[in-house]
Amino acid sequence: MTNPLTADPPPDTVTRRIGRVALGLGLVFAGISHLTFSREEFQAQVPDWFPVDEDVTVLASGAVEIALGSSLVVLSRRRVAVGLIAAAFFVVIFPGNIGQWLEHKDGFGLDTDAKRFGRLFFQPVLVAWALWSTGAFSALRRARSARR
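In the working numbering, the protein residues as written are 1 to 148.
Hints in this document: simulated from the structure, not taken from any laboratory.
All values derive from a computational prediction rather than experimental measurement.
Some hints could be false.
[Claimed, not checked] Pairwise CB distance ranges, derived in the manner of DEER restraints:
#1 Asp55 x Asp8: 39 to 47 Å
#2 Arg17 x Arg147: 36 to 44 Å
#3 Asp8 x Gly109: 37 to 45 Å
#4 Ala63 x Val125: 18 to 26 Å
#5 Val14 x Asp48: 41 to 49 Å
#6 Gly109 x Asn3: 23 to 31 Å
[Claimed, not checked] Quick list of in silico lysine to any residue cross-link-like pairs, SDA-like style, CA-CA up to 25 Å:
#7 Lys105 x Ala30
#8 Lys115 x Arg142
#9 Lys115 x Val125
For each residue, glycine too, the CB sits at the ideal point set by N, CA and C.
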């Protein structure tokens, strides 16, 4: 049985590579901004019900974003595993986006409920981007076919 995490990744294409590097650089930039100039804006996305201090949450998520973004750029042989982890990360942080909408918290120019609600539809795009650009979609399909 083929394990998509340990199997050779599917062939990389220029388009996927550009997408993966762009996503990685975007994550590194977002992570740096968590730690520096946008720290307060990111704190607005931590839901009131989340049991960890807002600043600790922002700092930790920023460090994770830097690590994930760097990994997307440099760990091309492990890109499927990194893509799955990045997609999972985007799913895990989604409640923060929902919390920002439900709790009517302003941040990053999202100063109306309509804008905050509209932002919710971008998170699945990030999940799909991580899975597509790393070849994780293809690797999962290949593993599923091998099981049949």
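Hint check results:
1. Asp55 x Asp8: 39 to 47 Å: holds (42 Å)
2. Arg17 x Arg147: 36 to 44 Å: At roughly 28 Å between Cβ atoms, Arg147 and Arg17 fall outside 36 to 44 Å, so the hint is violated.
3. Asp8 x Gly109: 37 to 45 Å: holds (43 Å)
4. Ala63 x Val125: 18 to 26 Å: holds (24 Å)
5. Val14 x Asp48: 41 to 49 Å: holds (44 Å)
6. Gly109 x Asn3: 23 to 31 Å: Hint violated: Cβ distance 43 Å, outside 23 to 31 Å.
7. Lys105 x Ala30: holds (19 Å)
8. Lys115 x Arg142: Given that 25 Å is the threshold and the Cα spacing comes to 38 Å, the pair is violated.
9. Lys115 x Val125: Roughly 16 Å between the alpha carbons, so the hint for Lys115 and Val125 holds.
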